[in-house]
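Each chain, letter by letter, is given below.
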Amino acid sequence: MEKTYKYNPKKEFEERIKKILPDEKDMEEFWKFCHTEPINSIRCNTLKISPEKLKEKISKYCWKLKQPFKEYPEIFIIEKETDLKPGEIGKTIEHILGYYYVQDISSMMPPIALSPQKDDIILDLCASPGSKTTQMAAMMKNKGTIIANDLTVNRTMILNANLEKCGVTNTIVTRKDAVRFCQIWNKKIKKKFDKILLDVPCSGEGTLRKSPHTMEIWNLNFIKSLSQQQKKICSAAIPLLKKDGVLVYSTCTLSIEENEEVVDFMLKNFNLEIEDFFLPIKTREGISNWEGKKFNEKIKFCKRIYPHDNDSDGFFLAKMRKK
Amino acid sequence: MKIEIIEKKEKEKLLEKLSYLGNLKTENLFVKTGEKIRMFSGNLDKEEIKKIWRNFMIEGIGLYIIKDFKNKKKNFEETRLSLEGLYFFKEQIKSSIVEIDEEQKNKWFKGETITLKEEQKKNIQNQIVVLKFGEDFLGTGKIKEEKIYNYLPKERRIKN
Ligand SMILES: C[S@@+](CC[C@H](N)C(=O)[O-])C[C@H]1O[C@@H](n2cnc3c(N)ncnc32)[C@H](O)[C@@H]1O
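For the record, the sequence lines run as chains A and B. Residue numbering for the first sequence follows this note's numbering, starting at 1 and increasing by one per position. Residue numbering for the second sequence follows this note's numbering, starting at 1 and increasing by one per position.
In short, the hints are calculated from the structure, not lab data. Check before you lean on any hint, since a few could be wrong.
Unchecked claim - Mimicking DSSO-like on lysine-lysine, the simulated pairs with C-alpha atoms at most 27 Å apart in a straight line are:
| no. | chain 1 | residue 1 | chain 2 | residue 2 |
| --- | --- | --- | --- | --- |
| 1 | B | K13 | B | K94 |
| 2 | A | K53 | B | K94 |
| 3 | A | K141 | B | K25 |
| 4 | B | K159 | A | K210 |
| 5 | B | K159 | A | K91 |
| 6 | B | K105 | A | K57 |
| 7 | B | K105 | B | K121 |
| 8 | A | K243 | B | K159 |
| 9 | B | K32 | A | K188 |
| 10 | B | K154 | B | K132 |
| 11 | A | K60 | B | K132 |
Make the full structure from the sequences, and use the hints.
Put into structure tokens, the structure is as follows:
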């Protein structure tokens, strides 16, 4: 690949992407997209305003808007032709009032996969800044309960600020290391969750378009240590899930060690069944073979989202049910 | 965060203190965290919430909707809705509303004080008022000498 960009991927990273996307054209498209910004998308906060009303209100900005999914009218894309000033979407009064949330389309997929219902008790274990917590609260119409946890004071402050702006009333925010949270909950609270979202810390290979410097700080050892941490988090969280409860595991990275390998680990060690599910954007199957490792054949039910398939960030999702 | 679940009677009293806005009602649970009152709509009962609080670092519960401020020394008391409180109760708010114009709205979002216009001075009976632009509630402010002092939190202001 010709190195004509400000940030260029490390050789080893490039080699791995080649293995993930063996078709040359496909891979070229991937890198081409990685060097451009993703399409802007917003999610109407239906706790405060309807999509129609929001559309009417923001029409004054002359953004070229599209609602790409009939079943999810709250999702808007601001088309590329729109002449946006830097930071414009985040500076409007409608944004300040919490009428919409700026969120990449791919990041809206985990709540869609989890499909929270009005009476569910949900655990969002790594929740900050709250893109998915606020989305789930809106899907639940502020009913049910979400326990939203994150590790540090700074992160829970950001989470709290976003929950407040969006008018979320059904959430309790806690601050604990994910594994510790699960241990304490299991021992002291005991109540089981209907659904769990594990949107875990990851190496962020899917967000190269927004943070291209990731290409240069990329490091396989870091990926391997994250994979270990992710397995620990999953192992701690699964016991908190009800029988028949649903768990969605997601990352914004593309490395197999942080994705399929973690899901395979869960399927091997816990009483979970992986399920196929529908998402309204283009996805590709999970990868079953990687560097001599052969995963559970149902790993294909995992969904990979590549930046060049939907002009979004890259993402990974798996949906599992407790037997 | 220290939390205290508010009993029904005290909740009614609080809402009574806000009667300058209308007859506000909600079934949701109220939780006191210092002078901030938060509202929780989740389906956990009081005992479950207390148990979580005892075992975890609770950093937030529900939504901050009311500020109930008391200064005994100065014999001063003030109860008002937060911006989000306004959104929650918006259908029920019937009085102490000041409709502002575009220019005033722009000042408001910069955190500035607004000077009341003649027609806006009519019908104002309360010191704490709710600002409205079109159908949007923009927060509460305090009237002093024909000006509305801005209570909009810093993080909700427009930065240049
Ligand atoms: C991918 S981000 C979550 C994004 C979030 N779910 C959203 O949609 O806005 C991962 C989060 O995990 C948090 N985190 C990192 N290590 C953690 C740990 N040991 N325990 C709990 N949270 C952790 C990070 O602070 C970060 O906020």
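- Query: Are the Cα atoms of K105 (chain B) and K121 (chain B) separated by 27 Å or less?
  - Reply: Within the cut-off at roughly 17 Å; holds.
- Can the restraint linking K159 (chain B) and K210 (chain A) be considered satisfied, given a maximum Cα separation of 27 Å? holds (23 Å)
- Message: Check the hint pairing K105 (chain B) with K57 (chain A) against an upper bound of 27 Å on the C-alpha distance.
- Response: The hint holds at about 15 Å.
- Task: Measure nothing beyond the straight line between the CA atoms of K243 (chain A) and K159 (chain B); if it is 27 Å or shorter, mark the hint as holding.
- Result: Status violated; Cα separation ~49 Å.
- Compare the distance between the alpha carbons of K159 (chain B) and K91 (chain A) with 27 Å, and conclude whether the hinted pair is satisfied. holds (8 Å)
- Item | Given hint K132 (chain B) paired with K154 (chain B) - CA-CA distance at most 27 Å | Holds, at about 18 Å.
- Message: Hint check: K60 (chain A) vs K132 (chain B), CA-CA at most 27 Å. Holds or violated?
- Response: holds (19 Å)
- Item | Straight-line alpha-carbon gap K141 (chain A) to K25 (chain B), limit 27 Å | holds (18 Å)
- CA of K53 (chain A) to CA of K94 (chain B), is that 27 Å or under? The given pair, whose Cα atoms are some 22 Å apart, holds under the 27 Å limit.
- If you draw a straight line from the CA of K13 (chain B) to the CA of K94 (chain B), is it 27 Å or shorter? holds (19 Å)
- Proposed proximity, K188 (chain A) with K32 (chain B) (alpha carbon, max 27 Å): holds (24 Å)
Checked against the numbered hints above, the structure violates only hint 8.
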